[in-house]
Amino acid sequence: DTGVSQNPRHKITKRGQNVTFRCDPISEHNRLYWYRQTLGQGPEFLTYFQNEAQLEKSRLLSDRFSAERPKGSFSTLEIQRTEQGDSAMYLCASSPDGAGQGANGELFFGEGSRLTVL
Amino acid sequence: QKEVEQDPGPLSVPEGAIVSLNCTYSNSAFQYFMWYRQYSRKGPELLMYTYSSGNKEDGRFTAQVDKSSKYISLFIRDSQPSDSATYLCATNYGGATNKLIFGTGTLLAVQP
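Each protein sequence line maps, in turn, to chains S and B. Using this note's numbering, read the first sequence as starting at 1 and increasing by one per residue. Using this note's numbering, read the second sequence as starting at 1001 and increasing by one per residue.
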């Protein structure tokens, strides 16, 4: 399967702990996105990478959140000092260059990493 | 006010019914309009994409955009139990980022 891969699929942690999620995009895709989805809501944009450069961050991404894509391939999303409000599905998506510029705007999503903060 | 509003549902229909799913958006700068389907515990997948006002058909699915009223619709004909999922409308400004703005999603259940 050459789709977007996310790990772990589910993480349960206690409040105050740090967690890290990993995303492996489709190999030829230069663009990588992180979204957050809470129950009964649509995905909300968190941040976007073009290769290794983080080009945009949402105001939702507080200073407890950090995302990296060190070699322009896989990405990690770390949440420090987790809070119960961080409980959500964290979705990673990738797309090739040119998507959105008159292309079909398709993002290819992984199955998500579900975070439960107790 | 959210940038994209979507009828919350949930919606339950019998197999074979015609389903209508709707969204409205607030910003006339939005250029591209999409419908994503999300099965339980899965990531969203693109179902339909439109750019201009009008209709676009793909099999049993028809996407409709009315830019004058800022209204987006998805119609499903001859609905099947396998169509049971959450349907998310989405839009973006175009341009390089391709950052999508999603509606809240409508949960659809098609009863056999």
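The set of hints was computed from the structure by calculation and includes no laboratory data. Treat the hints loosely; a few may be bogus.
Chain B is faced by these chain S residues, among others (derived, beta-carbon under 10 Å) [claimed, not checked]:
hint: 1; residue: R31
hint: 2; residue: Y33
hint: 3; residue: Q37
hint: 4; residue: G40
hint: 5; residue: G42
hint: 6; residue: F45
hint: 7; residue: Y48
hint: 8; residue: E56
hint: 9; residue: F65
hint: 10; residue: A88
hint: 11; residue: S95
hint: 12; residue: E106
Heads up, simulated EDC-like pairs for lysine to aspartate or glutamate below, C-alpha to C-alpha not over 20 Å straight-line [unchecked claim]:
hint: 13; chain 1: B; residue 1: K1099; chain 2: S; residue 2: D97
hint: 14; chain 1: B; residue 1: K1099; chain 2: S; residue 2: E106
hint: 15; chain 1: B; residue 1: K1002; chain 2: B; residue 2: D1066
hint: 16; chain 1: B; residue 1: K1042; chain 2: B; residue 2: D1083
hint: 17; chain 1: B; residue 1: K1070; chain 2: S; residue 2: E68
hint: 18; chain 1: B; residue 1: K1067; chain 2: B; residue 2: E1003
hint: 19; chain 1: B; residue 1: K1099; chain 2: S; residue 2: E44
hint: 20; chain 1: B; residue 1: K1056; chain 2: S; residue 2: E106
hint: 21; chain 1: S; residue 1: K14; chain 2: S; residue 2: D86
hint: 22; chain 1: S; residue 1: K57; chain 2: B; residue 2: E1003
hint: 23; chain 1: S; residue 1: K71; chain 2: S; residue 2: E56
hint: 24; chain 1: B; residue 1: K1042; chain 2: S; residue 2: E111
hint: 25; chain 1: B; residue 1: K1042; chain 2: S; residue 2: E44
hint: 26; chain 1: B; residue 1: K1099; chain 2: B; residue 2: E1045
hint: 27; chain 1: B; residue 1: K1099; chain 2: S; residue 2: E68
hint: 28; chain 1: B; residue 1: K1099; chain 2: S; residue 2: E83
hint: 29; chain 1: B; residue 1: K1067; chain 2: S; residue 2: E83
hint: 30; chain 1: B; residue 1: K1099; chain 2: S; residue 2: E111
hint: 31; chain 1: S; residue 1: K14; chain 2: S; residue 2: E83
hint: 32; chain 1: S; residue 1: K11; chain 2: S; residue 2: E78
hint: 33; chain 1: B; residue 1: K1002; chain 2: S; residue 2: E78
hint: 34; chain 1: S; residue 1: K11; chain 2: S; residue 2: E111
hint: 35; chain 1: S; residue 1: K11; chain 2: S; residue 2: D24
hint: 36; chain 1: S; residue 1: K71; chain 2: S; residue 2: E52
hint: 37; chain 1: B; residue 1: K1099; chain 2: S; residue 2: D24
hint: 38; chain 1: B; residue 1: K1067; chain 2: B; residue 2: D1007
hint: 39; chain 1: B; residue 1: K1070; chain 2: B; residue 2: E1015
hint: 40; chain 1: B; residue 1: K1056; chain 2: B; residue 2: D1078
A virtual CB, placed ideally from N, CA and C, is assigned to each residue, including glycine.
To see whether the hints hold, each was checked on the structure:
{"no.": "1", "hint": "R31", "result": "holds, 7 Å"}
{"no.": "2", "hint": "Y33", "result": "holds, 7 Å"}
{"no.": "3", "hint": "Q37", "result": "holds, 8 Å"}
{"no.": "4", "hint": "G40", "result": "holds, 7 Å"}
{"no.": "5", "hint": "G42", "result": "holds, 3 Å"}
{"no.": "6", "hint": "F45", "result": "holds, 5 Å"}
{"no.": "7", "hint": "Y48", "result": "holds, 6 Å"}
{"no.": "8", "hint": "E56", "result": "holds, 6 Å"}
{"no.": "9", "hint": "F65", "result": "violated, 17 Å"}
{"no.": "10", "hint": "A88", "result": "violated, 14 Å"}
{"no.": "11", "hint": "S95", "result": "holds, 6 Å"}
{"no.": "12", "hint": "E106", "result": "holds, 4 Å"}
{"no.": "13", "hint": "B:K1099 with S:D97", "result": "holds, 13 Å"}
{"no.": "14", "hint": "B:K1099 with S:E106", "result": "holds, 10 Å"}
{"no.": "15", "hint": "B:K1002 with B:D1066", "result": "holds, 19 Å"}
{"no.": "16", "hint": "B:K1042 with B:D1083", "result": "holds, 14 Å"}
{"no.": "17", "hint": "B:K1070 with S:E68", "result": "violated, 36 Å"}
{"no.": "18", "hint": "B:K1067 with B:E1003", "result": "holds, 14 Å"}
{"no.": "19", "hint": "B:K1099 with S:E44", "result": "holds, 10 Å"}
{"no.": "20", "hint": "B:K1056 with S:E106", "result": "holds, 16 Å"}
{"no.": "21", "hint": "S:K14 with S:D86", "result": "holds, 11 Å"}
{"no.": "22", "hint": "S:K57 with B:E1003", "result": "holds, 18 Å"}
{"no.": "23", "hint": "S:K71 with S:E56", "result": "holds, 18 Å"}
{"no.": "24", "hint": "B:K1042 with S:E111", "result": "holds, 5 Å"}
{"no.": "25", "hint": "B:K1042 with S:E44", "result": "holds, 16 Å"}
{"no.": "26", "hint": "B:K1099 with B:E1045", "result": "holds, 15 Å"}
{"no.": "27", "hint": "B:K1099 with S:E68", "result": "holds, 18 Å"}
{"no.": "28", "hint": "B:K1099 with S:E83", "result": "violated, 26 Å"}
{"no.": "29", "hint": "B:K1067 with S:E83", "result": "violated, 40 Å"}
{"no.": "30", "hint": "B:K1099 with S:E111", "result": "holds, 19 Å"}
{"no.": "31", "hint": "S:K14 with S:E83", "result": "holds, 8 Å"}
{"no.": "32", "hint": "S:K11 with S:E78", "result": "holds, 12 Å"}
{"no.": "33", "hint": "B:K1002 with S:E78", "result": "violated, 27 Å"}
{"no.": "34", "hint": "S:K11 with S:E111", "result": "holds, 14 Å"}
{"no.": "35", "hint": "S:K11 with S:D24", "result": "holds, 17 Å"}
{"no.": "36", "hint": "S:K71 with S:E52", "result": "holds, 6 Å"}
{"no.": "37", "hint": "B:K1099 with S:D24", "result": "holds, 19 Å"}
{"no.": "38", "hint": "B:K1067 with B:D1007", "result": "holds, 18 Å"}
{"no.": "39", "hint": "B:K1070 with B:E1015", "result": "violated, 30 Å"}
{"no.": "40", "hint": "B:K1056 with B:D1078", "result": "holds, 17 Å"}
Hints 9, 10, 17, 28, 29, 33, 39 from the earlier list are contradicted by this structure; the remaining hints agree with it.
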